[in-house]
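**Q** Single-letter residue listing:
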Amino acid sequence: MKEGKILLAHGAGGKLSHDLIKELFLPFLENELLSCLDDSAIIPTERSRLAFTTDSYVVKPLFFPGGDIGRLSICGTVNDLAMAGARPLGISTSFILEEGFSKEDLERILSSIKKAALEAGVMVVAGDTKVVEHGAAEGLFITTSGVGIVPEGVDISGSHAMPGDFVIINGPIGDHEIGILLARGEFSLKGEIKSDCAPLNGLVKAILNACTDIHVLRDPTRGGLATVLWEIANSSKVGVIVEEEKITVREEVRGVCDLLGFDPFYLANEGKLVAFVPQKEAEKVFEAMKADPLGRDSVIVGRVVDENPGKVLLKTRIGGHRLLEPLSGEQFPRIC
Amino acid sequence: MNKSKRIDEGNIASIILREISGLADGQIRFMEVCGTHTVSIFRSGIRSLLPEGIELISGPGCPVCVTPVGEIDRAIALAQLKDVTLLTFGDLMSVPGTSSSLNQERAMGRDIRVITSPLDSLEIALKEKKRRIVFFAVGFETTSPAIAAAVKEAKRKRIDNLFLLSSQRLIPPAIRALLSPRKVKIDGFILPGHVSVIIGRTPYSFIASEFSLMGVITGFEALDILKGIYMLLCQKKEGRSEIEIQYTRAVKEEGNQLALKAMEEVFEPVGARWRGLGMILESGLTLREEFKEMDASLVFDIPYEDKKDPPGCICGKILQGLKSPPDCPLFDKRCTPENPVGPCMVSSEGSCAAFRKYGAFR
Chain A
61 MKEGKILLAH GAGGKLSHDL IKELFLPFLE NELLSCLDDS AIIPTERSRL AFTTDSYVVK
121 PLFFPGGDIG RLSICGTVND LAMAGARPLG ISTSFILEEG FSKEDLERIL SSIKKAALEA
181 GVMVVAGDTK VVEHGAAEGL FITTSGVGIV PEGVDISGSH AMPGDFVIIN GPIGDHEIGI
241 LLARGEFSLK GEIKSDCAPL NGLVKAILNA CTDIHVLRDP TRGGLATVLW EIANSSKVGV
301 IVEEEKITVR EEVRGVCDLL GFDPFYLANE GKLVAFVPQK EAEKVFEAMK ADPLGRDSVI
361 VGRVVDENPG KVLLKTRIGG HRLLEPLSGE QFPRIC
Chain B
725 MNKSKRIDEG NIASIILREI SGLADGQIRF MEVCGTHTVS IFRSGIRSLL PEGIELISGP
785 GCPVCVTPVG EIDRAIALAQ LKDVTLLTFG DLMSVPGTSS SLNQERAMGR DIRVITSPLD
845 SLEIALKEKK RRIVFFAVGF ETTSPAIAAA VKEAKRKRID NLFLLSSQRL IPPAIRALLS
905 PRKVKIDGFI LPGHVSVIIG RTPYSFIASE FSLMGVITGF EALDILKGIY MLLCQKKEGR
965 SEIEIQYTRA VKEEGNQLAL KAMEEVFEPV GARWRGLGMI LESGLTLREE FKEMDASLVF
1025 DIPYEDKKDP PGCICGKILQ GLKSPPDCPL FDKRCTPENP VGPCMVSSEG SCAAFRKYGA
1085 FR
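Which chain is which? The protein sequence lines are A and B, in order. First residue of the first sequence? That's 61 in the numbering used here, and the numbers climb one at a time after it. First residue of the second sequence? That's 725 in the numbering used here, and the numbers climb one at a time after it.
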């Protein structure tokens, strides 16, 4: 039996979440599909490869600038499928509602689910509703699962980064987490930053149309860009070098980070992806991304190298170097 | 996104670095007193850019790190009282006490909340009148004026369920304590920017007059720190030992008189224990007589007990600049940010956490 208690930090998507999965979940549930620990599992069938994923949403507050728990629950799962290169087929949604929850709010959330599903071009095909006593949940929690089909010739995984790959990201980082943080009003900070919450399957389709040989796609959600790059460097046993100057952070986001001592590289995003692309295809993919509404602000931020496998090196704005390590401990709870 | 400014930064940095290389001559050691500087130095990769002979060592300027185990234990004991809500700043949550941490206590159901501004304590006390709200206030001169303002406001509003467990400390006495035994070789100080916004330049003058050492009050951007190092090297070359201000856009000679007055009205200096440095005279702040009814250390019958640092942990030596994090046998082995043994691995401003998080390239 393991000792100790679950802390909020175990849910932050950083090193502790990682350890919890490795130490407690995998010993019971491990199999060759689960152990990849990618955003979606890829299940081979006779005719095609199915991508399958699931995620729970506990964001607080339920409504925030740029989205709400409903939109998030569709985008998050669509994005997990998209990061496997899969075309989403259908999504299921499960609701855990707290006794006393307002029907009006539920209606708003459902309408937002409908809108997000239309945007992503995916159907909600199954669902479930449970109600728990007052106090046993805070408002509502949503769990969504999704299946999709991986097109032939596409083989994307966090372990497929190769030396020489270019690293591309589709815009400024940190908007979602800072947006949520400001919406909670806990820091008596004024201002509004919109969450970047968006379905990325359209952008992924554009990327795959430009080049099917994409090595890695990942959405830097909890744990942020630093954690995702670190995970990729580790799974692929390669080094990654990124340039701070190239990675954009909105001035407002940077301002809040400076005030609260947060590092933007660890902030969650809900509408961003990093693509690891073979060098010779990089320009074509980059152009295709720029042409997509969700990829207009794309930038090539770094490269994969042979040296320092498992490490992510950041070239700082003043020309120095430092390591990007995965998020340790809790940056901020219940952001998605 | 302000690209021109950021590109300039790289150019300016390389110019200052060239100057620094020109001035560097033999071994020289500067201490950055403040944890915010430590983090900024690591984040911007300054260590990887400085010439070989220039060594930067981290000092005792991380409020969470210098809070002794006994004070953490006392806060935990207070949080265990059924009618008490304990308020604190985030970094303290994971600091290990003798057998638990505030984080672990919260997971067991104790009412422990993280606040970001001392004024939040007033709102909570007003809303939850049936509970006794204890604010475990850790910090340096930077936070003390806001804490003083909250205390004054609580008294004015006659809030009688808010108490202060003061663990506030003052920077200049700690620098003096560090220098007096001369255990550690320091050639000059990168002095804290935020603390100096409040206290100004004068409280540091003993560094130059009594110890013939130099200091530069420095801002927190990478370029500020490079300029601060450059100014220290200039003093060395010209044989001066003075306290200069690099961070002139925020620090005034006389500090912030309004803030100092608020602090003075509410608090008086008192001897305080620092992890690593031990008891230092007049280095802490306690509530003045007229605010004593808010003093948690008097109101609650939970006395302070001196506790030993965790076995094997060398945070005390690190805080004095005597050791560097990788010298610690526990560093990144038994002591990690996920399972910290000592406070320097916990605080976002702790030097062990910075070493671990950003990696040391030199």
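Treat the hints as calculated values from the structure; they're not laboratory data. Check the hints yourself; a few may be wrong.
Stated by the list, open to error - Label-pair restraints from in silico Cβ distances:
(1) B:Ser738 to A:Arg107: 55 to 61 Å
(2) A:Val191 to B:Asp732: 54 to 60 Å
(3) A:Ile66 to B:Ser738: 56 to 62 Å
Think of the CB as a built atom: it goes at the ideal place given N, C-alpha and C, for glycine as much as any other residue.
**Q** State the violated hints by number, sorted upward, taking the hints as numbered earlier in the document.
**A** 3
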